[in-house]
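Please put together the full structure from these sequences, using the hints given.
In order, the protein sequences belong to chains A and B. When we follow our numbering, the leftmost residue of the first sequence carries the number 1, and every step to the right adds one. When we follow our numbering, the leftmost residue of the second sequence carries the number 1, and every step to the right adds one.
Every clue listed holds true.
Computed list of chain A residues with no C-beta within reach of chain B, every gap over 12 Å: (1) 35; (2) 192; (3) 226; (4) 228; (5) 233.
No farther apart than 30 Å at their CA atoms in a straight line, the calculated lysine-lysine pairs in the BS3-like style are these: (6) 248/B / 261/A; (7) 28/B / 261/A; (8) 183/B / 123/B; (9) 12/A / 139/B; (10) 12/A / 122/B; (11) 183/B / 139/B; (12) 251/A / 72/B; (13) 28/B / 251/A; (14) 12/A / 82/B; (15) 261/A / 82/B; (16) 72/B / 256/A; (17) 123/B / 139/B; (18) 136/B / 12/A; (19) 72/B / 82/B; (20) 256/A / 28/B; (21) 82/B / 122/B; (22) 123/B / 12/A; (23) 12/A / 120/B.
For the record, the hints were derived by calculation from the structure and aren't laboratory data. For glycine and all other residues, C-beta sits at the position ideal for the given N, C-alpha and C.
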Amino acid sequence: MINWQVVAALGKRYIYIYSRNSFRILDIVFWPVMDLLVWGWVSAYMMTSQKGLPQMATFLIGAIILFNILLRVQQGITVSFLEDIWSRNLLNVFAAPVRASEFVAATYLVGLTQALAVMCVMSVAAYFIYGFSVSSIGWTLIPLFLNLLMMGWSLGLCTTALILRFGNQAEALAWAVPFLIQPLSAVFYPVSILPKFLQPISYCLPAAHVFEGMREVLQQNKFPQEHLIAAAVLNVIYMTLSGFFFAHMFKEARRKGLISKLVV
Amino acid sequence: MSTEPKPTGQNDENPVVVAEHVQKSFGKFTAISDVNFTVKRGEIVGLLGANGAGKTTLIQMLLGLLSPSSGKIRIFGMDPEKDRISILRRANFSSAYVSLPYNLKVWENLDIFAGLYCIKNKKEKIDHLLELFGVKHLKTRMTGRLSSGESTRVNLCKALLNDPEILFLDEPTASLDPDIADKVRKLLARYREEHNVTMIYTSHNMRDVEELCDRIMFVAGGKIIADGQTSDILSKFEEQSLEELFIKIARDGEITTLGGTNEETAT
Chain A
1 MINWQVVAAL GKRYIYIYSR NSFRILDIVF WPVMDLLVWG WVSAYMMTSQ KGLPQMATFL
61 IGAIILFNIL LRVQQGITVS FLEDIWSRNL LNVFAAPVRA SEFVAATYLV GLTQALAVMC
121 VMSVAAYFIY GFSVSSIGWT LIPLFLNLLM MGWSLGLCTT ALILRFGNQA EALAWAVPFL
181 IQPLSAVFYP VSILPKFLQP ISYCLPAAHV FEGMREVLQQ NKFPQEHLIA AAVLNVIYMT
241 LSGFFFAHMF KEARRKGLIS KLVV
Chain B
1 MSTEPKPTGQ NDENPVVVAE HVQKSFGKFT AISDVNFTVK RGEIVGLLGA NGAGKTTLIQ
61 MLLGLLSPSS GKIRIFGMDP EKDRISILRR ANFSSAYVSL PYNLKVWENL DIFAGLYCIK
121 NKKEKIDHLL ELFGVKHLKT RMTGRLSSGE STRVNLCKAL LNDPEILFLD EPTASLDPDI
181 ADKVRKLLAR YREEHNVTMI YTSHNMRDVE ELCDRIMFVA GGKIIADGQT SDILSKFEEQ
241 SLEELFIKIA RDGEITTLGG TNEETAT
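Here it is, written out as structure tokens:
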């Protein structure tokens with residue numbers, strides 16, 4: 001059961017916190033645009049130095065925009081939790097009538113908002129700098145976005161659960177987790193490039209299907225139905241597992257008194 | 001959907017808090033050992049004890065933030081493990097060591113917590129409490145720019161937003177100068193008189209406890225080694241002041257040296 005008034009109050013709090021913290025705005029505007037510039041120029045250089053790679057730039061720019069969605073959703077959730085620790089407010093929140101599910105729902109909304117903001121910023125920047133339009137992906141962009149959103153939610157929830165369990169020493173995971181799975185997510189290259197033994201593992205990640213799907217659309221203008229269904233099924237499984245994992249860690253935190261130890 | 005537990009404890013005769021044989025262990029370390037007590041409606045109970053005695057552990061269990069290893073806790077007749085949300089709607093908490101987000105204005109923080117407690121007429125309620133604690137002029141100030149005294153009073157405004165029936169106060173006057181600490185004590189005493197609110201109050205400030213609390217519970221080594229009115233406890237342990245008793249318990253807090261046991265304590 002979720003009380004949406006509580007979720008709205010928590011969401012409002014994150015809006016206030018984010019709007020007052022210029023470093024959080026950097027997460028939405030500065031770093032995504034930096035990524036876009038670096039990878040866009042790398043691909044532009046490859047296009048001029050090697051013929052026969054006309055789609056490489058499109059792939060890379062599309063990939064960096066979509067990867068930033070995953071990254072910002074995961075970080076939106078985890079950093080929101082860290083904001084409560086840093087401001088020594090976590091006990092106030094959990095001593096209020098806030099269910100863990102309401103807390104999670106509010107952080108999911110923060111993740112969604114960040115993802116939408118980042119996608120808008122990067123799409124506009126990519127159009128004006130490289131003439132790349134995300135509309136070239138067509139309506140397929142919506143299921144690709146939703147799949148990355150769900151995967152970002154799962155990763156964010158697991159990262160938060162680990163910080164809850166292992167404390168401030170696990171803070172670095174907030175920034176590290178998406179990059180730990182990036183090599184297997186086939187963001188910038190197809191899964192077939194990976195060593196054979198790693199390919200099945202890669203296909204266990206929804207992101208790998210999303211990026212394969214994106215390349216299929218851009219290269220063959222074909223709706224990547226199989227990849228989207230596989231990603232959606234995996235996401236449902238991971239979201240369920242991450243929910244159980246968080247609930248278990250929350251219970252452990254209550255058993256071991258870890259919530260108050262995070263207030264430092 | 002689970003059925004909302006029927007509120008109990010509305011009758012003044014029913015204890016608001018009941019703890020029976022409560023124990024909390026972290027591995028081999030026992031933080032709370034076989035603690036038993038009750039707290040009546042409108043009573044202010046001071047939890048005293050040296051650092052590490054188990055006061056915070058006890059408060060966290062009452063708030064449902066920490067699960068007891070064994071024993072039974074009931075607040076308004078409900079179990080904090082199972083009915084945490086129903087209890088917390090009728091309770092509140094303030095600690096000198098817990099802050100409101102520093103980069104939000106005072107009224108923004110209070111507005112958010114009013115939302116978490118689903119308060120109707122939020123604006124009127126916030127204005128009334130800011131007025132009551134003499135901090136209305138700070139309404140639009142950033143919380144991080146408040147002095148310790150101002151911050152404590154704003155935290156108390158947060159703690160009273162939902163008209164709690166029970167208030168958990170963890171060293172609310174820590175780091176306050178004597179003048180502000182006195183004002184805070186008087187405000188809390190006045191609030192109790194007007195609202196008959198139950199308070200569980202931890203402090204290292206003996207004056208706080210003497211002035212405000214109807215009853216004190218001394219905690220040492222995870223046990224309640226004395227429970228009763230200040231005068232009764234002082235005469236029982238043949239000490240002149242709470243401060244002297246506190247030092248004695250902190251330095252050699254063995255129950256045997258003090259001549260009392262958990263079962264013997266007067267309530």
